Amino acid sequence: MELLTADDVLNKTFSTTKFREGYDVEEVDDFLDLVLGTLRSLYEENDGLKAQLATGQQNVEEVPDAPVPGSDLPPVAESPVEDAVADGSELEQSRAAALAAEAKAAAAEAKLAEAQAAAEEAAAKARDLEAELATALSAQESVSTPA
1 MELLTADDVL NKTFSTTKFR EGYDVEEVDD FLDLVLGTLR SLYEENDGLK AQLATGQQNV
61 EEVPDAPVPG SDLPPVAESP VEDAVADGSE LEQSRAAALA AEAKAAAAEA KLAEAQAAAE
121 EAAAKARDLE AELATALSAQ ESVSTPA
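Numbering-wise (our numbering), the sequence shown opens with residue 1 and increments by one.
Since the hints were made in silico from the structure, they are not lab data.
Incorrect hints may have been included.
Unchecked claim - Within a straight-line C-alpha distance of at most 30 angstroms, the following computed DSS-like cross-link-like pairs (lysine-lysine) qualify:
hint, residue 1, residue 2
1, K50, K111
2, K111, K125
3, K18, K104
Predicted model only: the values in this text are computed from it and were never measured.
Produce the complete structure using the sequences and hints provided.
Below, the structure written as structure tokens:
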């Protein structure tokens, strides 16, 4: 099913009936069925994006902490030169672990931002379509209500 756009709803015209004033009820009902299908699809998409957002937020919270620097290093050397080399190695390992943790956090934050933006976009689409549906239903009621 192809989704309707705001322009589709705005530009839709209905043929008039021959024997009474107003629009062809069947044609209006068919169009409203399309609008309803579009709204349902957008709501489903919005719910899916909200679920992705929740999962992304949970994943960000679950990013493991960096390993404790030096926990896997051999015992400290006995000479000052060996101590300096060991300290440099520990520092490099700590830096590498910190960079890896920062990269994981940045990737998780980027995914979260994407999911939030997509959810906000879907919600905006749904609000627009709800407003258009309300306008169309109001127009249908005013047409079908005899004056």
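Quick rundown of the hints versus the structure:
1. K50 x K111: Answer holds: K50 to K111 is near 13 angstroms, not above 30 angstroms.
2. K111 x K125: holds, 21 angstroms
3. K18 x K104: violated, 67 angstroms
Comparing the model with each numbered hint stated earlier shows that hint 3 is the single one that does not hold.
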